[in-house]
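Asks: Residue numbers (our numbering), protein chains in the order written: chain A, 75 to 554; chain B, 75 to 554.
Incorrect hints may appear among the rest.
No distinction is drawn between identical chains; accordingly, a pair holds when it is met within one copy or between any pair of copies.
Computed cross-link-like contacts, BS3-like style, restricted to lysine-lysine with a CA-CA straight-line distance of at most 30 angstroms [to be verified]:
hint	residue 1	residue 2
1	95	502
2	262	143
3	113	517
4	158	102
5	143	95
6	475	301
7	138	393
8	113	393
9	102	138
Hints were generated in silico from the structure; no laboratory data involved. None of these values were measured; they are calculated from a predicted model.
Number of protein chains: 2
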Amino acid sequence: MGKKKKEFVEEITPMEQDFAKWYTDVIKKTDLVDYSPVKGFMAIKPYGFAIWENLQAYVDKRFKDTGHKNCYFPLLIPESLLKKEAEHVEGFAPEVAWVTHGGDEELAERLAIRPTSETIICEMYSRWLNSYRDLPFLYNQWCNVVRWEKSTRPFLRTSEFLWQEGHTLHETEEEAQEETLQMLNIYKETAEELLAMPVIVGIKSEKEKFAGAHATYTMEALMHDGKALQAGTSHNLAQHFTKAFDISYLSREGKQAYPYHTSWGISTRLIGGIIMVHGDNRGLVLPPGVAPTQVAIVPIATHKEGVLDKASEIFEQLKDLARVELDDRENYSPGWKFNEWEMKGAPLRIEIGPRDIENKQVMVVRRDTLEKTPVPIGELEARIPELLKEINTNLFEKAKKMRDENTFYAKSLEELKEIMDTTQGFVKANWCVDPQCEETIKKETGATMRCIPFEQEDLGGDCPFCGKEGKSVTYFAKAY
Amino acid sequence: MGKKKKEFVEEITPMEQDFAKWYTDVIKKTDLVDYSPVKGFMAIKPYGFAIWENLQAYVDKRFKDTGHKNCYFPLLIPESLLKKEAEHVEGFAPEVAWVTHGGDEELAERLAIRPTSETIICEMYSRWLNSYRDLPFLYNQWCNVVRWEKSTRPFLRTSEFLWQEGHTLHETEEEAQEETLQMLNIYKETAEELLAMPVIVGIKSEKEKFAGAHATYTMEALMHDGKALQAGTSHNLAQHFTKAFDISYLSREGKQAYPYHTSWGISTRLIGGIIMVHGDNRGLVLPPGVAPTQVAIVPIATHKEGVLDKASEIFEQLKDLARVELDDRENYSPGWKFNEWEMKGAPLRIEIGPRDIENKQVMVVRRDTLEKTPVPIGELEARIPELLKEINTNLFEKAKKMRDENTFYAKSLEELKEIMDTTQGFVKANWCVDPQCEETIKKETGATMRCIPFEQEDLGGDCPFCGKEGKSVTYFAKAY
Ligand SMILES: [Zn+2]
Ligand SMILES: [Zn+2]
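Generate coordinates for the entire structure from the input sequences, incorporating the hints supplied.
Replies: As structure tokens, then:
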């Protein structure tokens, strides 16, 4: 017993002063998440989880519209199964949580909590696939996964996180490649259209690709502090797993054949991305697409007759057009509520007091620009959806401008190192694609290759880092 | 390699012959679920998972409409935390899966995979609750839980299952009790209205209540084989956990106080209930509320001009009114498809061939009655939703009749034993409520008390099992 009363709106460390502290302040003070007693595991609070639910609803619909269905696969994977694909186990074994006892009994074989589900899903697919008529398999699951991390940060890197993992099987190599790129494109549209978060899409190097993949495609976003966030990946797994797990079927030609395989995922780390792309020193700035409360209605001088009634009326008027909340809490002043909704990043705030009612208007305040505009009550139904769209566009443009201003060219390893030691950001270079050069870059500058973008510009010249022939324009950055 | 071609529509063992085998045949042959390499863990296939998604969508909306919000809490619980509430750990410790290693390191304290989340949630709530102004806490999570079971059956009892668990905190005892009963009532309405599954609602005995609960309320359904299924529970936890976890707050009176606590859950076991309440010897009979495909359109003689076009037209006409699927697969005969949709329990099937098109009608076949009726194409939009409602009502009435016909009175322990050894079913008796009597009943007959229903009838008389004073009319049954 004996806790002190919590102050709701507290100071947030300015991001210029200490970006990591700013991030932690924001997520704690806006009630997105909390640390749990197990190091690296977090509890997602209602306000944070609602963002995830909105994201999930959008993405799930996109999956279903492209013919995918959801399943659920077991949490626990026998060690022997995890070891069937050699590169895969090498990549994941160091971060696996192991179950060794069930009740009082020691298990004959220890079980991994899934770090990702390729192995268990392939085991099941090997039982389910018989004929080419069964193909394609277009399945996805929403679940939790565990990867034992030494150093963690809420949303960005945690020992448990929530995600979706799609796993598909196809008759041909071409179909699998098409699926891999289709899903990456859905992720890109999710990032850019729903989350107003511009991304660079492209392919990973051999070193950076998923353990067991033929090729890994990624979308990369740039955060306020100049670090990159890998925001979603889509893997063409070719026949690496289908052969290792003996997934075969009777082909159109009447022969036994191995299908081609893809997997793709996005996770709760996207919430970290939203915070670090759009947030400011007042707190969160949530894109309307996922904001739990898109419009917060704050009545002023609620003791005056008619104020609360009018606020309720406006709530009723708008509630089917947007996610609206009427903040009629007593014990909190309007000013306190303005601050809180600002900190919590609600895209729009409606202020309504006795004078507004007289003038048949309300004050509408945008979170992104902090602009305050009177809007006639009769125009709200038309204006609010428009404003939400405008905010979304503005957030995207702002983030893109920020990214472009923080995208540099490097003409030498020293230049790359200098950028990484100062402003950070994306650095583009006509890279040699040599793993050894990649190793040196990482060691010397802390930057990793983020992706070779689909959209190549003509930079020409040799690799600025090692002098070998330049092959592909590549993005480098320090990354979360 | 070298699997044999799968036959899709195979024999299902008649339930009168072997109910357990019937159940297993149905779930396997309708592609609801599959066993996984880890004993007791199952993979839920798309057709099974779609049922869960439909159930989830309905229930989640009911939760939100009553002011609840979703969160997510960590999968792993430190052993010390699990042990904080004495009754609770005693109830759950024997079935906990323990994580002992993270990567290559042995953990200092072993971690339980959540068998249920009261302990971890209470730990978090103790940090989140400060003032009476924060109350009530009305939170829920959808997640997986693990309980190490010796003997398992898909959906009914598995070592991992999916569920939701609501956990709420309240200022007063009355509010907590109201919440407990409100959530039980939502479960009852879900069972009866969405799943067409009649349930008896009431309270559990001391022996049968949840480990750590003050009182456990339950809904109990009767399966085809005369066994009961505990289909959902709602617990009034009083202050058992809030005191053990020191969850306190500053009350309205300015004093430190402990809140009152509830938890409530339903799980994927409800899918097992749906199967065993409505299914028949042809396979599944799915209630329209959760059927992944409510209407299957099967075109006949698709090589004839106009048939596929007309079938597509009808699909377009109906697709916003119900979950409709146009089964235009080649390589399968209409007869084969009829069988398959019957087995998969689609509530309605529309058959459309050249002669139907001439007559401007289709044949509509109900899965519940197997009735075949011609319906003019122009009337489909009105008729299909009506039919789905009629099917739902009929399924409920049928199940209720079945239950009533299998609800008996027992005038002695011998009579109870005889019923349990033969027909099984619910047995009602004016019970003494004595734990010792309960123990004897279980030992001698295999039946357990299922609940003391809210609706009490006047049976009068002494306890038929031990001769002590009869106190409450109670339902007994063998249970899953
Ligand atoms: Zn180079
Ligand atoms: Zn008795």
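Asks: So which of the earlier hints does this model not fit?
Replies: 8
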